[in-house]
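Peer 1: Go by the hints and put chains B and R onto chain V.
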Amino acid sequence: MSITVENLSYVYLPDTPMQKQALFDVSVHIDDKEFVGIIGHTGSGKSTLIQHFNGLVKPTSGRVLVDGVDLTQKGVNLRAIRRKVGMVFQYPEHQLFGETVFEDVAFGPKNSGVPDAALEDRVREGLAMVDLDLDVLRERSPFELSGGQKRRVAIAGVLAMKPAILILDEPTAGLDPRGRDEILSQVQSLYQAWDLTVILVTHSMEDIARMAKRLIVMDHGRIALDGTPQDVFSNADKLRSMGLGVPQVTTLIHELHRRGLVQRRDIFTLDEAESEITRVLELKRHGNA
Amino acid sequence: MADALIEFRNVNHIYGKGTQQEWDALIDVSVSIRPGEFVAVLGHNGSGKSTLAKHANALLLPSSGCVLVDGMDTRDEETVWDIRQRVGMVFQNPDNQLVATTVEEDVAFGPENLGVPSPEIRRRVDEALLAVDMLEYRLHSPHQLSGGQKQRVAIAGMIAMRPKCIVLDEPTAMLDPVGRQEVMQTVRRLNEEENITVLHITHYMDEAIFADRILVMESGRIALEGTPAQVFSQVDTLYKLQLDVPQMTALAHRLNKRGFSLPADTLTVDELVNQLCQ
Amino acid sequence: MAMLRNITIGQYVPGDSWIHRLDPRTKILATMALIALLFLVQSFPGYGFAALYVLAAVYVSKLPPRYVIRGLRPLLVIIILTLTLHIFMTDGRVLWQWGFISITWEGLVRGAMMGTRLVLLVLGTSILTLTTSPIHLTDGIESLLKPGKPIGIPAHELAMMMTIALRFIPTLLEETEKIMKAQMARGADFESGNLLQRAKNLIPLLVPLFISAFRRADDLAVAMEARGYRGGEGRTKFRELQFAVRDGACLAGVTVFTVVVSVLF
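In the order they appear, the protein sequences are chains V, B and R.
Residues 3 to 291 (this note's numbering) are what the first sequence spells out, left to right.
Residues 16 to 293 (this note's numbering) are what the second sequence spells out, left to right.
Residues 2 to 266 (this note's numbering) are what the third sequence spells out, left to right.
Chain V on its own, in the form it takes in the complex (with noise of 0.2 Å):
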């Protein structure tokens, strides 16, 4: 399911003295099956630009078109759209208010009209692809767990859609390299699994630079850049002038290329920069023998 958004503007409180404009003009197409990472830090837009993609923020003018549908158009079924894209906030963990597991999780799923008996299974399955397991947690309260579980449920909660497009803000903020590292390996095999459009918003460099195939940087409300991670991490200058910087594997291949070492630029990952400083100092090493 693709998202094709047609120069998008939008003002926050119009009119008032707090008046405040957070997207210029903003064009952008994201492909069925993408996983694109957006990246820019707080106060560039991007919160409020992946909050049009269903609906829940509508533009001052442009248009978002989500599957070939029209968002701005007048008796747009929302739901049925918020049913297709799922959003993952940032601190998820927030939105729990169930007595038990089960129930917070079928939240959604019932919301869009999936029959009592199959209920059941879409708890069941959302649960299973953040590694959490239906017939433990059933009857647990969702308030008993511990902060990384709280917000496995939570994100479980959305899964439970079964969305073709998932949006995640930021769903590692806040937890330890354990908790992160779980929460992303589950992204990534959602992803694969379920054929679904991801769309990940997030701080870190190195995570975004492993996950996403394409990288939509956004500084002061408009598309600053957009492209591949080789592409986007060569403007490192740039980047660093919107106060995002790049991985520090790129960092140091930049500074290697620069004193001659490599000749690639083009490396972001831990075990790219190990195969090409491997590369090279092995040639080196025969080289000088």
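Read the hints as simulated data drawn from the structure, not as lab findings.
It cannot be assumed that every hint is accurate.
[Said to hold, decoys possible] Within a straight-line C-alpha distance of at most 25 Å, the following computed DSS-like cross-link-like pairs (lysine-lysine) qualify: (1) K272(B) x K255(B); (2) K112(V) x K201(R); (3) K152(V) x K147(R).
Here the structure is a predicted model, which means the values were calculated and not measured.
Peer 2: Chains B and R in isolation, oriented as in the chain V frame:
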């Protein structure tokens, strides 16, 4: 050790003693923090690092063992307020620790509690806001600030109490990279220029690189202790504790395994570049 | 959600008029004098003088009159209700009758009086909140209540409560909006259904909101304790309130005016 500012002596802390959920959060922890030191405490959630932090200013008391702050025992009710003046604490959630409706009012909250006379409070508030570079925001309301700015205001609130030590309990966990940088720069400056002792709890490895000393907590115990170079060079141990290591250390470690001899205590990009280009 | 954004608490309009610069205690006392006056006088000339008092205050405060009048809007229903009740329910000389409904002269008079009283009351108090920042208002209330401490009035605690409430209202409004959006993304519907259904639909909003408020309260309590808070005892104030000459003059004027008008009318 006589010269310790904060000393933990065989500290045990048990949550929910006598209940079903009884849980040993700290087990026989002994460590001392010297004046002027910058100590980073690493460990994942539930390792006991926050519990340790809350012992430093008597928000929690040891189940057995003792904590001495500037020679005062935290269990002594008489000295609690002196201890809290000497050891300030900044918490994780920037929204939940500012009390007042304007920045300067909030910074004044601590000195007001200490009974500092009004004209002196004014001086301290301005000084503290200057120290965290937030003076121009003094009339703003906290909810108009970014996360990093709120944390700096919280730090100013401590500075205004003229503490000897600031304990920061994961102050950057909820911030974006810009906010994290703001907070870390502020803390490092206070440590270097004002000689304020810092106990910094975090799970970001890159924030620990600049510390004088690192404590790694695991299941309520101190699992590793030493300079950043000493601690991070034990890459396999850290991985076993499910902690990260700085990316450059990880890379050096991998290259070492492939038979290139690089120092195990590589921490920064510059260090690795220099070693590779030798 | 637009509704949430329109709530403005305190509605303080910054300025530097003579009234803005008065000590908050003076303004609170002057407002109380007005309230006393409104309940003491029983005739139209008396209300006339009270109206004059309010109008003078508006003029001196340099507030845009429409701002002040806007303060009446939320209370319009109550004012009209009072007026109607008095007009129709008072016995006396019947002016007009239709079935069992009748309008009496006495009813008209009393209705008009009660209406005027309410309008002036609201206008007077809104001048107080429009010209005094919430912080000053809190300081003023605390200072005025302090003498009541021996008889158990928790002056400091009340002031602290007000401060914290004011500090956290914007945060909680923001949070409400965020949770609403998160639940709407999960297909929640806050806008349709009958009253019972709507109330039920609010559970996914209210439960997380309460939990978050309790968590915040808990965090805040620990943070306050860590910053050496132990109640009002031995505490100093960042800003000391200071009576100026204009405060004395104002209070003297208001007292004389109130006493004279209430005795004469």
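Peer 1: Each hint should be assessed against the structure and marked as holding or not.
Peer 2: How the hints compare with the structure:
no.: 1; hint: K272(B) x K255(B); verdict: holds (17 Å)
no.: 2; hint: K112(V) x K201(R); verdict: holds (15 Å)
no.: 3; hint: K152(V) x K147(R); verdict: violated (46 Å)
Violated hint: 3 only; the structure is consistent with all others.
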